[in-house]
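Those protein sequences? They're chains X and G, same order as listed. Numbered by the numbering used here, the letters in the first sequence go through residues 1 to 359 in order. Numbered by the numbering used here, the letters in the second sequence go through residues 1001 to 1202 in order.
Derived by calculation from the structure, the hints in this document are not laboratory data. Idealized CB from N, CA, C, for every residue including glycine. No false leads were slipped in.
Have a look at the derived ranges for each label pair, beta carbon to beta carbon:
(1) X:G85 x G:S1040: 38 to 44 Å
(2) G:G1181 x X:P346: 34 to 40 Å
(3) X:E63 x G:L1111: 39 to 45 Å
(4) G:G1005 x X:L52: 56 to 62 Å
(5) X:T25 x G:E1170: 36 to 42 Å
(6) G:G1005 x X:R197: 32 to 38 Å
(7) G:D1169 x X:T25: 31 to 37 Å
(8) X:P346 x G:C1036: 33 to 39 Å
(9) X:L245 x G:P1174: 34 to 40 Å
(10) X:W203 x G:I1064: 52 to 58 Å
(11) X:W55 x G:I1064: 56 to 62 Å
(12) X:R197 x G:I1064: 45 to 51 Å
(13) G:A1191 x X:V177: 38 to 44 Å
(14) X:V128 x G:I1088: 43 to 49 Å
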Amino acid sequence: MAQTVKKNTFVRKQPAMRRVLLGLTPCVAGAVYYFGWRSLAAVVFCCAVGFLYEWLFCRWRKEPVSEAVFVTAVLFALVMPPGVGWHVMAAGMAFAVLFSKEMFGGYAKNIFNPAIAGRCFVYICFPVALTGVWYPPAQEAAGALTRWSTMTTADGISAKTSATPMAHVKAGRIELVDSSDPLAVSVIPIKMSEDERIKISRWEFWKTLFLGRLSGTMGVTSAGLILLGGIYLYITKTASRTIILTMVITYALLSELFYQLGVKPVLPGLSAVLGGGFLLGAFFMATDPVSSPRTEQAKIAYAIIICISTVVIRNFSIFNGGLMFSILIGNMFAPIFDYAVKEYWPKKKPAVVPLKGAA
Amino acid sequence: MPTAGNFSSEIWLAVVTCFAAVFTQNILLSYFLGMCSFVSVSKEVKTAAGLGLAVVVVITATSILNWMAYWWVLVPLGLEFYRFILFIIIIAAFVQLLEMVIDRYSPALYLALGIFLPLITVNCAVLGSVLWMVIRNYSFVVSVGFGLGSGLGWMMAIVAMAGIRQRLDESKIPAGLRGPGITLIIAGIMALAFIGFTGVLQ
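Chain X extracted, bound-state conformation (with noise of 0.2 Å):
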């Protein structure tokens, strides 16, 4: 066979994936940057076994590969916390790609964003890997370009901790005070001991986290690179604008409000927005073009739905990972409110938008 005529059958072009691929960069950088070649290596391994799934069904089904299986890789690979094991990533990738995409008929026709669905599985099914074990950035100015990973220090020690900022601060041990008072700390301390409680000033959190050098999962640290690339998904038109606003507006004013309602653990609007992995799953995940609704009313709807959900889990379960489950549950609920709208909504016929691609 003619390599051109190859190519072609083998894996499908879509513009629209290799944008977000694209947007994503700044991220993969960011986590080696801040967690070493192995964050690198995490990468490429979610891609190569996602894309031997893929590969095993799209023959079957005499198709090609779609390149939404790369974004799917790498935004599964970037939500993983650092120093995961390898068995996790590909055991994850497979209930991503196999159980919530290629079950349905494979590219296009999944409900679930495969990404999201993978890493609920592995956080349900290996919990202490997923939420126990965190490595902490490295703290130098060459960040960890020098290093494979940070699980250990130059010293060669173990340099495992145990909970997240977010973690910490759900469960009190950190609290967000004015610059003026006299206690507030401007770093946030890489260990921290159970009864441990300490005071940081507002303006110190907001700069941490947007720069991203505190422990996390690898690519979401720091909200400033994902928001570099979110904001080229957002003036190509990649990603849904509509989706975009709704979720960052209605889960700044619902965290803002709880806060000053003084609800305990919820933080205060921006410090929620730019924490955790928020604004990679409002920008990256949630405007999924397959997994989300197709009317505007209805997107609308699945993004305020995620953001009541955010703000509960996040904040009252057991769990961390509030917008991950929240996203799913947006899914759910995706084609239920695009039939509402269909069947519902008064006067002219909403306008359907076409599908251009998917994560």
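Assemble chain G onto chain X, guided by the hints.
The following block gives chain G in isolation, referenced to the frame of chain X:
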């Protein structure tokens, strides 16, 4: 008889129990009760919503009836071990009544639901929530809240599932998984999503 506090705290507890039964302890997605009609009647949104509504009415009403029968008749007579038989008889009688009402006022829904309307009698979700109400010693007001929540949770799950199944492209799904197979996989992923609410409203 379960002791009841003052009325306003009872109402508050009932509302909390109702929300918990919908989200954190969804009778279908957390306990997998009532799967048979969930799998077979979720092909179309309208039918699913009709059945869901019927289940909401049946669970709420039978919670009330069975609570009275249990605490006012069986417990004073010391015949608690008859509760399974009595609960089933009450549920069956009530469903029969509901069937006649639906047949009279909405023949289309009656035909669409077909055999599954009388089968609500043996819908595990109905008996399950009634038994829980007894085992967990709920007071009367809380029982009503719990019954309503269980029904609404079941209805929410079946309506969402019907929406998903209408969007599915059956021709693309591997042949062995079409129909019930893919429905069970979707139900599993839905349950995965609802695990997230663990620990809320306990």
